[in-house]
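Here the protein sequences line up with chains A and B, keeping their order.
With the first sequence counted from 1, adding 10 to any position gets you the numbering used here.
With the second sequence counted from 1, adding 23 to any position gets you the numbering used here.
Hints were generated in silico from the structure; no laboratory data involved.
Remember, it's a predicted structure, so these values are computed and weren't measured experimentally.
Be a bit skeptical, because a hint or two may be false.
Computed far set for chain A versus chain B, every beta-carbon distance over 10 Å [unchecked claim]:
hint : residue
1    : E52
2    : T114
3    : V120
Interface residues of chain A toward chain B, partial, derived using beta-carbon atoms under 7 Å [said to hold, decoys possible]:
hint : residue
4    : A27
5    : L56
6    : G115
All C-beta atoms, glycine included, are put in the ideal place defined by N, C-alpha and C.
The residues making up each chain are set out below.
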Amino acid sequence: GNSVTQMEGPVTLSEEAFLTINCTYTATGYPSLFWYVQYPGEGLQLLLKATKADDKGSNKGFEATYRKETTSFHLEKGSVQVSDSAVYFCALSQNTGNQFYFGTGTSLTVIP
Amino acid sequence: DAGITQSPRHKVTETGTPVTLRCHQTENHRYMYWYRQDPGHGLRLIHYSYGVKDTDKGEVSDGYSVSRSKTEDFLLTLESATSSQTSVYFCAIRPGQGAHTGELFFGEGSRLTVL
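Only chain A is shown next, with the shape it has when bound in the complex (with noise of 0.2 Å):
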């Protein structure tokens, strides 16, 4: 089946520290992979996304590499900033499928 496993929070960081946030996937064939934000009282919004293996995603400074050998896709960035205390999702979908499967999400403070 397909599923994804995200790493658990809460994280605490200091601002500029490095963020890495681990995301593993379980799924046949070539899924499609995301990384969704959620900020306080809000909805998701996608932050980006790989569509093959060895894509990179990026986008607000943050980077994915869709890693099939290690069935990873892990969130990193160099230098967190307050602004980007919110609750991160690491999602895929098949692409002959209709539905997207989520992690558990991973709450993320940054502390100024």
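Assemble chain B onto chain A, guided by the hints.
Frame of chain A, contents of chain B only:
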């Protein structure tokens, strides 16, 4: 702005009462979804729709029904609400006509409390 409106945004109800949540979109996208968000579970799919009158179950569909009588509206109904259905409910749409992978766009959520 993906043009998604959920209503109501907040609702408190009592066990055993029926509840309907509405998702309205302005851009005539074919695919619409209902998710619930709970601590420790992330987002779980309740039902989705791939066209007018075309719906299918997700992983947590028990106790929920949906209807889509027109493209722009996707209704989620709890026939007899239970406390386990206290949650935040998100509607999402996926642009695109075929069975290919586009991204989801989410509404702002409806917080339901069942006492």
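Hint check:
no.	hint	in the structure
1	E52	violated (6 Å)
2	T114	violated (4 Å)
3	V120	holds (21 Å)
4	A27	violated (25 Å)
5	L56	holds (5 Å)
6	G115	holds (5 Å)
Hint compliance for this structure: hints 1, 2, 4 are not met, and every other hint is.
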